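Q: In case you want the letters, here they are:
Number of protein chains: 2
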Amino acid sequence: MSEMVKVAVDAMGGDNAPSEIIKGALEAANENSCVKICLVGAEDIIKKELEKYNYKQEQVEIINATEVIETAEPPVMAIRKKKDSSIVKALQLVKSGECDAYVSAGSTGATLVGGQVIVGRLKGVERPPLAPLIPTEKGTALLIDCGANVDARPSHLVQFAKIGSVYMESIMKVKNPRVAIVNIGAEEDKGNALVKETFPLLKNCPDINFIGSIEARDIPAGYADVVVCEAFVGNVILKLYEGVGGTLIKKVKAGMMTSLRSKIGALLVKPALKETLKEFDLEQYGGAPLLGLKGLVVKTHGSSKAIEIKNSVLQCVTFKEQKINDKIKEKITLEDE
Amino acid sequence: MSEMVKVAVDAMGGDNAPSEIIKGALEAANENSCVKICLVGAEDIIKKELEKYNYKQEQVEIINATEVIETAEPPVMAIRKKKDSSIVKALQLVKSGECDAYVSAGSTGATLVGGQVIVGRLKGVERPPLAPLIPTEKGTALLIDCGANVDARPSHLVQFAKIGSVYMESIMKVKNPRVAIVNIGAEEDKGNALVKETFPLLKNCPDINFIGSIEARDIPAGYADVVVCEAFVGNVILKLYEGVGGTLIKKVKAGMMTSLRSKIGALLVKPALKETLKEFDLEQYGGAPLLGLKGLVVKTHGSSKAIEIKNSVLQCVTFKEQKINDKIKEKITLEDE
Numbered sequence: 000m001s002e003m004v005k006v007a008v009d010a011m012g013g014d015n016a017p018s019e020i021i022k023g024a025l026e027a028a029n030e031n032s033c034v035k036i037c038l039v040g041a042e043d044i045i046k047k048e049l050e051k052y053n054y055k056q057e058q059v060e061i062i063n064a065t066e067v068i069e070t071a072e073p074p075v076m077a078i079r080k081k082k083d084s085s086i087v088k089a090l091q092l093v094k095s096g097e098c099d100a101y102v103s104a105g106s107t108g109a110t111l112v113g114g115q116v117i118v119g120r121l122k123g124v125e126r127p128p129l130a131p132l133i134p135t136e137k138g139t140a141l142l143i144d145c146g147a148n149v150d151a152r153p154s155h156l157v158q159f160a161k162i163g164s165v166y167m168e169s170i171m172k173v174k175n176p177r178v179a180i181v182n183i184g185a186e187e188d189k190g191n192a193l194v195k196e197t198f199p200l201l202k203n204c205p206d207i208n209f210i211g212s213i214e215a216r217d218i219p220a221g222y223a224d225v226v227v228c229e230a231f232v233g234n235v236i237l238k239l240y241e242g243v244g245g246t247l248i249k250k251v252k253a254g255m256m257t258s259l260r261s262k263i264g265a266l267l268v269k270p271a272l273k274e275t276l277k278e279f280d281l282e283q284y285g286g287a288p289l290l291g292l293k294g295l296v297v298k299t300h301g302s303s304k305a306i307e308i309k310n311s312v313l314q315c316v317t318f319k320e321q322k323i324n325d326k327i328k329e330k331i332t333l334e335d336e
Numbered sequence: 000m001s002e003m004v005k006v007a008v009d010a011m012g013g014d015n016a017p018s019e020i021i022k023g024a025l026e027a028a029n030e031n032s033c034v035k036i037c038l039v040g041a042e043d044i045i046k047k048e049l050e051k052y053n054y055k056q057e058q059v060e061i062i063n064a065t066e067v068i069e070t071a072e073p074p075v076m077a078i079r080k081k082k083d084s085s086i087v088k089a090l091q092l093v094k095s096g097e098c099d100a101y102v103s104a105g106s107t108g109a110t111l112v113g114g115q116v117i118v119g120r121l122k123g124v125e126r127p128p129l130a131p132l133i134p135t136e137k138g139t140a141l142l143i144d145c146g147a148n149v150d151a152r153p154s155h156l157v158q159f160a161k162i163g164s165v166y167m168e169s170i171m172k173v174k175n176p177r178v179a180i181v182n183i184g185a186e187e188d189k190g191n192a193l194v195k196e197t198f199p200l201l202k203n204c205p206d207i208n209f210i211g212s213i214e215a216r217d218i219p220a221g222y223a224d225v226v227v228c229e230a231f232v233g234n235v236i237l238k239l240y241e242g243v244g245g246t247l248i249k250k251v252k253a254g255m256m257t258s259l260r261s262k263i264g265a266l267l268v269k270p271a272l273k274e275t276l277k278e279f280d281l282e283q284y285g286g287a288p289l290l291g292l293k294g295l296v297v298k299t300h301g302s303s304k305a306i307e308i309k310n311s312v313l314q315c316v317t318f319k320e321q322k323i324n325d326k327i328k329e330k331i332t333l334e335d336e
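These protein sequences, in sequence, are chains A and B.
So the first sequence is numbered by numbering that gives the first Met the number 0: it starts at 0 and just counts up by one.
So the second sequence is numbered by numbering that gives the first Met the number 0: it starts at 0 and just counts up by one.
It is worth saying that the hints were derived from the structure and are not from the lab.
Among the hints, a few may not be true.
Intra- or inter-copy, both count: the list cannot distinguish identical chains.
In silico DMTMM-like cross-links for lysine to aspartate or glutamate, where the CA-CA straight-line distance does not exceed 25 angstroms [to be verified]:
no., residue 1, residue 2
1, K250, E66
2, K189, D14
3, K137, E274
4, K293, D150
5, K238, D188
6, K189, E241
7, K262, D217
8, K250, E136
9, K189, E69
10, K238, D14
11, K80, E186
12, K35, E50
13, K189, E320
14, K189, E72
15, K304, E26
16, K304, D217
17, K47, E30
18, K322, E48
19, K94, D83
In this text the structure is predicted, and so the values were computed from the model without any measurement.
Modelling step: build the complete structure from the supplied sequences, incorporating the hints.
A: Structural data, given as structure tokens:
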């Protein structure tokens, strides 16, 4: 039997907490017997929710937490003051080694700050990037960084490239993943100051497969496996992916409802379309890991439903099995020598 | 009769030059008798193309240019060396006042550099922004800046907000246009250094309708009419719009072809869908104006077809009629006092 993977799940975070969070966590436990879930939050509420489901007692534990950090709260202050919040307590379980990983759909800011302050960075990692998988025509790409480090420096971006390569190779099984830097043109002399400084550094990295610049247009087409950028740009990319996708699907649906003819067509097309569009749904891919910490911290959408929580928890299993943190440490240290 | 609007059209620029460029320019002339086209490029080639069409001789003129600036050429050098290129000669027609406007599907870099160096900035304008219209659920929004000024300063962004307001109010007839700055969160303290510095400046602008930050997700939903950002981010937004849109439409089409049932449905849905998706096609909106110059300079997609050239030329008519440059000068000068 494989080793157990213990995941601290913030039962109180996200728009659909606690019901969808608990549901998703239990689904993950039922699917994989190596998973142990620590549900962190108000004990009485969690207990009541748990009554609805069938699950193995030994796979689920409750850790009581009396406070909740709200999305709008300034994260640094919230982490410092709300010592008995579900986020702080769940992160402490990872810090102490009691849990391997953390999953939350709650405050992004608090997770990012708490991840660094409570769990702590791996030796050598300058700034841990938030790195979600995004859908492409050919499968998925890792967008790194997308929210952790605004106004990053070139050396940070180089680490993102290395960390992203480890992730895509070990978790997503992409051989020799293609690394590209987000730019506004394909030529080497294009870009802003940050990209121009970073480009030659990436070019001279012996241990990544750097293919040069990628224009935003080519990201959905799947031209790269690891898409490197600083957090502001990454955040814009992630959110615009959602925004354009959502608007376009709405337009497609509205378009189908404009005539009787098209309405009949829509009925026929619907099942096939649903299947294809699922591939392009960000929620299918679980949450975004905050990489480079002494433990795995995963942030899922605020609007996460059970499916995303389940996928995020299961992601943690692969993460541990593949010893991603050892590999990241190795790759980062290599650079320092 | 209205005043004539003379537009210098770069007949040699873009993937589909000269045929689609000339076709589109003539369509604009045929549609609006106030338009006069100066086709700039290799005279013999242009003459041959013109033979294919019906048009009024007095609405079309040829200006011979023996050189072409290629997309890959470093723009500053190209503008300096290729004095007899279609881009340089067309821009000079605007500079001399012989033409009111310039339209090119050729090198973006050369148009941006040439626009500033040859045509010149309006008094008070620090950096002329490139500002395309992008489709939203509710109509269109102006994305300003999207390619002219990487590493911009806060004062530039404030000017973009003012210039964009003039444009949306006068050309697109949006009353009291909502101005927002692209950010990675809705709260005032979110963002990178540039956005944090710019935010209070915009808040204190008395002559724009500043509504705060906009997350990339909300741009396609149409939450703002003037979307302010520095050029790197703007370029990413514009190109990702195209990229996600293209990929998703491909997925929808492929999804419809997966079964016999869905294929039949697709036939029924197609006409209605085509109409709706047209609204979301960037090419419907003509090119992107480079605003704040002593004349109108419009850059269209490299892949422009006749429809985009036509729309770009017709855009120039409204631009002149509405005396946009006088309005921009007025708004910018107001700030200096």
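Q: All the hints need checking, so say for each whether the structure fits it.
A: Comparing the hints with the structure gives:
1. In this assembly of identical chains, the alpha carbons of K250 and E66 never lie at most 25 angstroms apart, being 41 angstroms within a copy and 44 angstroms across copies at closest.
2. In this homomeric assembly, K189 and D14 come within 25 angstroms of each other (Cα to Cα) only across copies, at 21 angstroms, whereas the closest approach inside a single copy is 41 angstroms.
3. Taking the shortest Cα distances, K137 and E274 sit within 25 angstroms of each other inside one copy (16 angstroms), while across copies they are farther apart (28 angstroms).
4. Only within a single protomer do K293 and D150 lie at most 25 angstroms apart by alpha-carbon distance; the minimum there is 24 angstroms, versus 35 angstroms between protomers.
5. Proximity of K238 to D188 under the C-alpha cut-off of 25 angstroms is restricted to the inter-copy arrangement: shortest distance 19 angstroms between copies versus 28 angstroms within a copy.
6. In this homomeric assembly, K189 and E241 come within 25 angstroms of each other (Cα to Cα) only across copies, at 20 angstroms, whereas the closest approach inside a single copy is 27 angstroms.
7. With identical chains, the CA atoms of K262 and D217 are never at most 25 angstroms apart, being 33 angstroms at best within one copy and 28 angstroms at best between copies.
8. Taking CA atoms no more than 25 angstroms apart as the test, K250 paired with E136 passes in both settings, with 20 angstroms inside one copy and 8 angstroms between copies.
9. When the C-alpha separation of K189 and E69 is checked against a cutoff of 25 angstroms, the pair qualifies only between copies, where the shortest distance is 16 angstroms, while the shortest distance within a copy is 41 angstroms.
10. Taking the closest pair of Cα atoms, K238 and D14 come within 25 angstroms of each other only inside a single copy of the chain (17 angstroms); across copies the shortest separation is 31 angstroms, beyond that limit.
11. Proximity of K80 and E186 under a CA criterion of 25 angstroms is satisfied inter-copy only: 20 angstroms between copies versus 49 angstroms inside one chain copy.
12. Proximity of K35 and E50 under a CA criterion of 25 angstroms is satisfied intra-copy only: 18 angstroms inside one chain copy versus 77 angstroms between copies.
13. With identical chains, the CA atoms of K189 and E320 are never at most 25 angstroms apart, being 40 angstroms at best within one copy and 36 angstroms at best between copies.
14. Taking CA atoms no more than 25 angstroms apart as the test, K189 paired with E72 passes between copies only; the shortest distance there is 12 angstroms, against 39 angstroms inside one copy.
15. For the identical chains of this complex, K304 and E26 are intra-copy neighbours only, at 12 angstroms inside a copy versus 52 angstroms across copies, given an alpha-carbon limit of 25 angstroms.
16. With identical chains, the CA atoms of K304 and D217 are at most 25 angstroms apart between copies only, with a shortest distance of 21 angstroms across copies and 29 angstroms within one.
17. Taking the shortest Cα distances, K47 and E30 sit within 25 angstroms of each other inside one copy (22 angstroms), while across copies they are farther apart (70 angstroms).
18. Proximity of K322 and E48 under a CA criterion of 25 angstroms is satisfied in neither setting, with 33 angstroms inside one chain copy and 65 angstroms between copies.
19. Within a single copy, K94 and D83 get their C-alpha atoms as close as 15 angstroms, which meets the 25 angstroms cut-off; across copies the closest is 68 angstroms, which misses it.
Violated hints, listed in ascending order, are 1, 7, 13 and 18; each of the other numbered hints is respected by the structure.
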